[in-house]
Structure formats: structure tokens, C-alpha cells
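Engineer: Take these sequences, add in the hints, and give me the full structure.
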Amino acid sequence: MGGVTVAVVQFGGSNCDRDAVRALEHVGVDAERVWHGDGLPADTDGIVLPGGFSYGDYLRAGAMAARDPIMDEVRAAADEGVPVIGICNGAQIGSESGLTPGAFTTNASARFQCEPVRLRVERADTPWTAAYDEGDVIEVPIAHGEGRFEIGESAHADLVADDRVLFRYCDAEGNVTDAANPNGSTDNVAGVLGERETVAVLMPHPERATLPDLGRSTDGAGILTAFA
Amino acid sequence: MTDYTATVTVRLKRGVLDPEAETTQQALERLGFDLDDLRSADRFEVDLDAPDADEAAERAGEMAERLLANPTIHDYDVAVAER
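Chains as they are written, first to last, in this note's numbering: chain A, 1 to 228; chain B, 1001 to 1083.
These aren't lab readings, by the way, just hints derived from the structure by calculation.
Every residue gets a Cβ at the ideal spot worked out from N, C-alpha and C, and that includes glycine.
Check the hints yourself; a few may be wrong.
If you anchor each label on the Cβ, the simulated ranges turn out as follows [unchecked claim]:
| hint | chain 1 | residue 1 | chain 2 | residue 2 | range |
| --- | --- | --- | --- | --- | --- |
| 1 | A | D43 | B | L1028 | 52 to 60 Å |
| 2 | B | L1028 | A | G81 | 23 to 31 Å |
| 3 | A | G39 | B | P1051 | 31 to 39 Å |
| 4 | A | D133 | B | D1047 | 56 to 64 Å |
| 5 | B | K1013 | A | G37 | 51 to 59 Å |
| 6 | B | D1003 | A | A179 | 52 to 60 Å |
Away from chain A, derived, C-beta distances all over 12 Å, residues of chain B [what the hints assert, rightly or not]:
| hint | residue |
| --- | --- |
| 7 | M1001 |
| 8 | T1002 |
| 9 | D1003 |
| 10 | K1013 |
| 11 | E1022 |
| 12 | R1030 |
| 13 | D1036 |
| 14 | D1037 |
| 15 | D1049 |
| 16 | N1070 |
| 17 | E1082 |
Structural biologist: This is the structure:
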């Protein structure tokens, strides 16, 4: 069997793993769910850390899964250039495990928020955003209680200087404003890159904005085509 | 070896928004309490054996570094007592 096989890592409490597989298959990417305890298959050509509530969000969202032994394999694969994306709880796991900078913590509203948001594509020269142009506005839903991006002042300066912000929350015209910031994230950051451009995390759910029969937007499909 | 309890207190760094504490403060005020501010923290009590208190503290500190706290948003301190 040729082609790319994407491992969608299923932790205890993941619940967007099947959605991710469906959405990936829709954009023509061969994907399979991989139970965390089984380790990564040898032919893994891409990795999705899916959304959900791994280990009940105990301690902090993503904290437990980030210390799961499979994450050593994920980090090693990421270091070799295997594309890795963390979505929602997967983003929290990614930041907790040090794959990407910063932290995702309690929304400023202190509420769980499930709503469509708009994102401005800050870089179009990464695998995740090659389908877009810089400055494009895409609509993708969020569903999280702990999505507020926090990062220390100097680390934030580095993040911006290194051009590692991938998406920012914005309004319909692409303006990055407080009103368009759903959760109080620092600098409206919705998604960031790791040390390599092949590693990214974002709180919004591209897999929920991919299948045309699911709702109002298919704007997220372009992110998943990175694996194609 | 001596039995110790290492108490690890993890709190948000100064300046990091704490919506849960704000909500709790609002609920207290709704109950008629008068307060200026409220901060919350997580406390972990770790029972362990160590040759001395310094080593017990060092091990608990490592637990905080690697799991109990997230250095991006948290400060922590460790207090050790014989049990």
C-alpha cells in the first residue's frame, strides 16, 4: 500500500478522532485511528492529535496525555519532519508536551464556548496553509473551555519575531480585534507553529469545517490537505 | 530514610488572568461578603521517603517542573515536613 498514512492518536477521552479520520478521508488522505497504548505504526507519515477531553482534563487540559509514552514517539517523529497537528485538546496536548510554545488555559469568559469563529491566515507558506493566501479569512468552529492562549512576554516577542503565529482570531474583514477574540487569547492567537513548520497546533476544529454536509463552512479542509 | 510530606503549591503567575477566581469572587460578593481580591491555587501533598528534607524538596520540585505546574503560566513552591 502506498501513499500517506496519517495516525490519528486516540487517548482515553479523545472524542474527535473519528471525525478527524472522516474529514481526512474526505480530502483524500488515508488515515487511521491509533490507540495511544499501541504506539505509532511504522508507516506513519503524519500525525493528528485530535480533540476531546483526554483523561478528563485532570490537572490541566492535555497535561496527562502530554506525558503519555506515545508522545515521545510523536516528538521523535516531529523532529524527523513528520507533519504533526494538534487540534483543540490536541493543541493543549501539543503545548503541554513542548511541541509548540505557550499554553492554552481557561477562557476569559470562564465558560465552555462552542461557536463559529473567523481566523486570519497569518502565513501561507506552511504545509497547513498552502491552500490559502496570507490574510485570507476562514470560518472554523471552536468548542473549548480552555482555549485562551497564554505566553510570557519575551516568549511572545520571540513567537512574533520568528513568525510562528499561524492563525489569529479576526472579524469578517480580517481585522484582529478584541471583539473578535472569543476567549481572551494573547494577541488573538488561535494557532501556532512549533520549531518546524511541519508542527502546528490550533484550538479551532478544521475537521468540523470540512465535510460539505456538516454545516456552514468547509474552510477547514485546506488545513487537512497538508497531509495529501 | 525519613518519611516526609512535601507540599507543592501551584499558583498562576502574577498578571495571568484567573477567570475561575474572578467568578468565585463574584459569587462570594453575591453572598454579601466584602473582599478586595481572591486568588486560587492548587496544593499537592506528596508523601515520600528521603534521606533528608533537602532531597525530599528536590524531588517534589522536580515533580512540579515536569508535571504539577506549567512553567508558562505557573509559579510553585515546595514545603517539606516530617510525617
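Engineer: If you check each hint against the structure, which ones fail?
Structural biologist: The structure conflicts with hints 2, 5, 10, 11 and 16, although it agrees with all the remaining ones.
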